[in-house]
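From first to last, the protein sequence lines are chains A and B. The numbering of the first sequence is our numbering, which starts it at 6 and goes up by one. The numbering of the second sequence is our numbering, which starts it at 14 and goes up by one.
For the record, the hints were derived by calculation from the structure and aren't laboratory data. By construction, the Cβ of each residue, glycine as well, lies at the ideal position given by its N, Cα and C atoms. There may be inaccurate statements among the hints.
Below, a list of computed lysine-lysine pairs in the DSS-like style, where the Cα atoms sit at most 27 Å apart [to be verified]:
no.: 1; chain 1: B; residue 1: K230; chain 2: A; residue 2: K118
no.: 2; chain 1: B; residue 1: K230; chain 2: A; residue 2: K144
no.: 3; chain 1: A; residue 1: K118; chain 2: A; residue 2: K144
Per the computed footprint, the stretches of chain A lying under chain B, defined by three or more beta-carbons under 8 Å from a beta-carbon of chain B, are [said to hold, decoys possible]:
no.: 4; segment: 66-75
no.: 5; segment: 141-153
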Amino acid sequence: MPESSTPEPVISMRGATATLGARPVLRGVDLTVHRGEVVALLGANGSGKSTAVRSVIGQVPLTGGTVELFGTPLRRFRQWARVGYVPQRTTAAGGVPATIREVVSSGRLSRTKLGLPGRADREAVDRAIELVGLTDRAKDSVNALSGGQHQRVLIARALASEPEVLIMDEPMAGVDLASQEILATTLREQVAGGATVLLVLHELGALEPLIDRAIVLRDGCVMHDGPPPEAMGQHALPGHDHVHPHAASEPVRTGLLS
Amino acid sequence: MLEFLNPPFMQRALIAAVLVGITAPAIGIYLVQRRQALMGDGIGHVAMTGVGLGFLLSTNPVWMATLVAVAGSVVMELIRWYGRTRGDIALAMLFYGGMAGGVMLINLSDTGSNANLTSFLFGSLSTVSEEDVTAIVVLAAFVVLVTVGLRRQLFAVSQDEEFARVTGLPVRVLNLLVAVTAAVTVTVAMRVVGLLLVSALMVVPVAAAQQISKSFKVTFVLAVVIGTAVTLAGTVTSYYQDVPPGATIVLLAIGAFVVLTALATPLARRRARGSMREAERCTLEVPAARRAKDDVQV
Ligand SMILES: Nc1ncnc2c1ncn2[C@@H]1O[C@H](COP(=O)(O)OP(=O)(O)OP(=O)(O)O)[C@@H](O)[C@H]1O
Ligand SMILES: [Mg+2]
């Protein structure tokens with residue numbers, strides 16, 4: 006068990022509660038990810054997956070509970086280069102054209118900060134682009150990409166800082182099977198290299214063999230925390246039979262537009 | 014031949030024009046990227062109060078306008094942080110209060126006149142003083158330092174604010190810096206283009222440049238080139254033709270936008286043909302298409 010091999014978990018969330026617009030969205034979530042683990046966060050639309058993930062990285066204020074990253078309380082955590090974040094995809098590109106390389110380079114800023122990028126930084130960016138199979142399009146505008154390709158750019162951007170933990174919100178949304186295989190391979194290499202992964206998924210898909218553990222949310226509560234559900238059709242998930250009247254009408258807010 | 018270079022007031026105006034042409038698009042590109050294209054316009058309104066104060070206190074209006082515009086931009090940024098819901102009402106108060114206050118103050122002062130007011134609203138070449146040039150050079154240096162020196166960080170923050178926060182960048186400080194730099198640019202540009210048209214020079218060259226570019230870097234360089242070209246051309250035109258420089262410059266910039274937009278489609282097509290070298294039509298043989306041979310002579 007990974008628990009015994011390392012003293013402190015990479016991600017540790019205890020009794021987290023969060024409210025968005027007067028709605029309790031997280032109602033006491035416990036979420037722990039140990040070093041080297043690959044944990045999938047599952048659940049129906051609107052069950053609070055994105056909110057949970059975003060509060061792990063401090064982008065949603067908690068009304069209660071605690072979050073620690075690498076054993077440091079979030080409030081005092083500063084080593085952001087160790088964290089690679091892939092937001093849930095939005096249609097929002099910036100108002101000015103930008104190439105894949107320019108966007109992926111911004112993922113390296115957690116290492117270079119306010120300084121100038123050196124050769125190692127440029128190589129890390131090239132490697133990240135190569136990992137998602139977009140090397141031949143590195144100089145193309147991100148506005149000219151398909152949804153799945155755009156998703157791969159966001160993943161490369163997270164990989165650019167060579168993070169120890171990858172936190173990904175539906176990285177496979179809109180990505181075709183062939184590209185899912187590429188990304189699964191990429192992820193496998195990252196994990197083999199010691200990376201820890203927390204990802205929000207709707208279906209385990211090509212990633213299924215990689216997943217060590219699954220956490221299922223339903224209406225802001227943890228329903229299941231253990232081995233990934235057996236029958237991996239969407240319908241096997243608890244909460245899927247449950248109708249969320251708000252799920253379709255509420256746009257997902259990732260902060261890209263505000 | 015280059016007779017327009019002789020009068021000292023024209024030399025001063027041209028120096029100011031070049032600096033405006035460089036700085037306005039340089040900060041404008043970040044405003045466009047974060048879809049705050051009209052922010053410069055708001056700051057321009059607020060700066061008017063500074064101009065009025067300058068007249069009333071008989072100090073240099075450029076420095077006073079800088080002070081007030083920077084304060085105004087900080088307030089705008091604070092409203093963006095805290096006042097999400099009523100934000101636009103608060104901004105409207107700020108903008109129109111700033112403009113009205115400026116007009117009032119100029120009227121109250123002994124030195125200010127309607128002619129003065131017009132020159133600040135729409136720009137004027139003959140009124141750029143030695144002192145103004147000094148102020149403009151210093152302020153422009155600040156703008157270039159920020160927009161070029163911090164381009165990677167400002168790009169990241171403007172592209173995806175949440176992601177930038179997760180990389181540990183000081184996002185609030187950088188946002189504030191963009192706002193303050195935009196305010197400073199407004200006062201750099203005020204003398205030549207005028208407060209009401211400042212925002213156009215921040216936005217239009219960027220919009221023109223992005224018609225034919227694929228990258229942020231090229232857009233940046235091209236926008237600055239376009240900005241400098243139109244401010245210089247506009248300044249010289251207004252020397253010979255006695256037309257207001259601000260309006261001339263902005264119309265030229267819009268002309269550049271139209272021309273580049275017209276060029277964009279054929280250019281993109283040629284570029285695609287050159288770089289891809291892929292057949293324009295499908296070359297794969299689809300079994301279903303084969304079967305059609307029976308009916309149709311291929
Ligand atoms: N900014 C917001 N203001 C108010 N409510 C919000 C906001 N963002 C999300 N919500 C609500 O919080 C709940 C959880 O949202 P969240 O985005 O975490 O769901 P999710 O599990 O990620 O769903 P999906 O599978 O659609 O991505 C939803 O009911 C949503 O309506
Ligand atoms: Mg989500």
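| message | Tell me the hint numbers this structure goes against, listed in increasing order. | response | 4
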